[in-house]
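Engineer: Just so you know, the protein sequences line up as chains A and B, in that order.
Numbering that gives the first Met the number 0 applies: residue 0 is where the first sequence begins, and numbers increase by one.
Numbering that gives the first Met the number 0 applies: residue 0 is where the second sequence begins, and numbers increase by one.
Some hints here could point you the wrong way.
[To be verified] Coverage of chain A stretches by chain B, computed from C-beta distances (three or more under 8 Å per stretch; other residues unrestricted):
(1) 21-30
(2) 56-67
(3) 175-184
Keep in mind that the hints were calculated from the coordinates and are not lab data.
By construction, the Cβ of each residue, glycine as well, lies at the ideal position given by its N, Cα and C atoms.
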Amino acid sequence: MNNIGDNYKILIVDDSELNRSILSDILADRFEIAEACDGLEAVNYLEKHTTEVSLVILDLIMPVMDGMSVLEVMNKNNMIQNIPVIVISADQRAESVERAYKLGATDFIFRPFDSYMVYRRVQNTIMLYSKQKRLEELVTHQIYERSKNSRMLVSVLSHIVEFRNGESSAHCLNINTITEKLLNALLSRTNNYNIPRADVPIICTASSLHDIGKIAIPEAILNKPGKLTPEEFEIIKTHSLEGAKILNAVPFSKDEPLIRYAYEIARWHHERFDGRGYPDGLAGDRIPIAAQIVSIADVYDALTSERCYKAAYSHEQALDMIRNGECGQFNPLLMDCLEEIAPSLKEELGRDIALFEQSTRDLNTIANEVFSNPDLSSSNRSLHLLETERDKFKFFWENTNEVFFEYNAETSVLSFSKGAAYLVDGGSMVVDPLKPGFLDDRFNSIVALTLDKVLTLTSYEYTDFKDEVEWSGAIYRIEGRTVWDYEGEEPVMTSLYGYARRTEKTGATFQ
Amino acid sequence: MTIKECYDLLGADYNDVVIRLGGEERVARFLPKLVADPSFNTLIEAFANQDWEGAFRASHTMKGIYANFSLTELQASSALLCEMLRPGVYNPDAAAQLEVVKADYAKVMNAFSKIG
Numbered sequence: 000m001n002n003i004g005d006n007y008k009i010l011i012v013d014d015s016e017l018n019r020s021i022l023s024d025i026l027a028d029r030f031e032i033a034e035a036c037d038g039l040e041a042v043n044y045l046e047k048h049t050t051e052v053s054l055v056i057l058d059l060i061m062p063v064m065d066g067m068s069v070l071e072v073m074n075k076n077n078m079i080q081n082i083p084v085i086v087i088s089a090d091q092r093a094e095s096v097e098r099a100y101k102l103g104a105t106d107f108i109f110r111p112f113d114s115y116m117v118y119r120r121v122q123n124t125i126m127l128y129s130k131q132k133r134l135e136e137l138v139t140h141q142i143y144e145r146s147k148n149s150r151m152l153v154s155v156l157s158h159i160v161e162f163r164n165g166e167s168s169a170h171c172l173n174i175n176t177i178t179e180k181l182l183n184a185l186l187s188r189t190n191n192y193n194i195p196r197a198d199v200p201i202i203c204t205a206s207s208l209h210d211i212g213k214i215a216i217p218e219a220i221l222n223k224p225g226k227l228t229p230e231e232f233e234i235i236k237t238h239s240l241e242g243a244k245i246l247n248a249v250p251f252s253k254d255e256p257l258i259r260y261a262y263e264i265a266r267w268h269h270e271r272f273d274g275r276g277y278p279d280g281l282a283g284d285r286i287p288i289a290a291q292i293v294s295i296a297d298v299y300d301a302l303t304s305e306r307c308y309k310a311a312y313s314h315e316q317a318l319d320m321i322r323n324g325e326c327g328q329f330n331p332l333l334m335d336c337l338e339e340i341a342p343s344l345k346e347e348l349g350r351d352i353a354l355f356e357q358s359t360r361d362l363n364t365i366a367n368e369v370f371s372n373p374d375l376s377s378s379n380r381s382l383h384l385l386e387t388e389r390d391k392f393k394f395f396w397e398n399t400n401e402v403f404f405e406y407n408a409e410t411s412v413l414s415f416s417k418g419a420a421y422l423v424d425g426g427s428m429v430v431d432p433l434k435p436g437f438l439d440d441r442f443n444s445i446v447a448l449t450l451d452k453v454l455t456l457t458s459y460e461y462t463d464f465k466d467e468v469e470w471s472g473a474i475y476r477i478e479g480r481t482v483w484d485y486e487g488e489e490p491v492m493t494s495l496y497g498y499a500r501r502t503e504k505t506g507a508t509f510q
Numbered sequence: 000m001t002i003k004e005c006y007d008l009l010g011a012d013y014n015d016v017v018i019r020l021g022g023e024e025r026v027a028r029f030l031p032k033l034v035a036d037p038s039f040n041t042l043i044e045a046f047a048n049q050d051w052e053g054a055f056r057a058s059h060t061m062k063g064i065y066a067n068f069s070l071t072e073l074q075a076s077s078a079l080l081c082e083m084l085r086p087g088v089y090n091p092d093a094a095a096q097l098e099v100v101k102a103d104y105a106k107v108m109n110a111f112s113k114i115g
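Here chain A stands alone, though its shape is the one from the complex (with noise of 0.2 Å):
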């Protein structure tokens, strides 16, 4: 008897007080039984114990309230999906049958019944939909999984390049759909390049990351307006491979396509088929197929983007600057492939705008659109919740004169609010501070010294940290907090955040 026991409920809705009761006689031992006396208190019982009612054993003909009445309610209730329902009846007529069935029953029973058929059936269905459950619950969770591993990444893209680019959130969604439509495109015409269906979604995700490189820019020159200066330039060009490092950096799931993608795409998607790109000159298909599509696609954004040096190109005007090459040489069969979604291009760009303006769902929603609209990937959902999130932070970050501060341990980054920047050299970011020595060396600060009491006075039972210390001539109050993922044999920290606020006192009223 596999796992199957008291916990599941049966309600049995017969009209013959007979039938229940050898109904329950044969079904009671291994099973929690609640019986109905016809269809009216079937629906009532159900709709007050939804949830517990692991199956329904169910009459026909019954007085107040008929058998099909109680699959139609069942119906519109949505009942049905969750809950089956066997009907065991004396009419053997196929017109019932058929309509039983087709009103969402799972199984039909004659009468007379035979007790271990009953019993056997019974325990079938309820372990069918037990398996099915828990089928889907493993593939909500593993959506959650990814969606998380996507949030991950667009926290590190958001934090890092949309803080300090004047560049619109749009951009990193537009990418993201350009890429996706591009890489279809070429894997309808040839597989020549060995990348699996599978992979289309991480190397969607992956574009996130183009640009990652531009923390290691000074802002001056990321949002100059006008025209740089060769120099300039030159500098700016140093994003690819700054990039490259700080992917190459990451100190955890180096080996993941995700990961690899990204590095690809950093590296080199200012690479041009003909060789005349930078960092690295690469020409023709030496340049991976994941950074030539996002080369495509991010010329043909900053095109029809306005940004601080220049007004946006219509849909149309950069369409003829790629096909004229003044953006640089495309492979040849990318340039079809763009030719291709281009029709499409500009009124789905909009759409998938509008698509993340709605407001925040919550992951099961994310999973059960999965499921019902397979038009929708998750990893453009988890996107836009990110995008509200990320949004919300942003806002307060910016805002606060307070020293604030956020380490997450997934992608090795700290991150300051803009009160904080001022005190760690004008930046606000730092990748990997916990590599041995990096603290005492990189930076001297109360953020320093507030994350590291955090982190050497905090455990995962006293997660929460408070104390008064004395930098730099002044009083701080400083606080922290670890967070910790439990579900592992050890527990993991998975962030830290803190924040540090100068009082009154003075350092020798403290002493």
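Place chain B on chain A using the hints.
Structural biologist: Just chain B now, with coordinates in the frame of chain A:
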């Protein structure tokens, strides 16, 4: 008289009911409930009140429970009555068929009264 002897007397298959209900013990336990079942009285009452729908339901229940107890004769006569009373196809022969059911029912109850 034992239950088996009683079934033999009625020309019904005792083995069949034992297998169907999953053991002699359960048959013995539920037989008194079968005797006490109100469906037959409900049928008579409904008929008297010309409540054809009620009569249909009662005969339908009888057809089911007697089939479960392998009481073939009574099951067959109730099934026939049930079809005559099925809503929309009322058959004037139903009254005559009710008398057959009454006779079969009396036979079964008479036999069961000798168990002990």
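Engineer: Would you mind marking each hint as holding or not holding in the structure?
Structural biologist: Evaluated hints:
no. : hint    : result
1   : 21-30   : holds (count 3)
2   : 56-67   : holds (count 3)
3   : 175-184 : violated (count 0)
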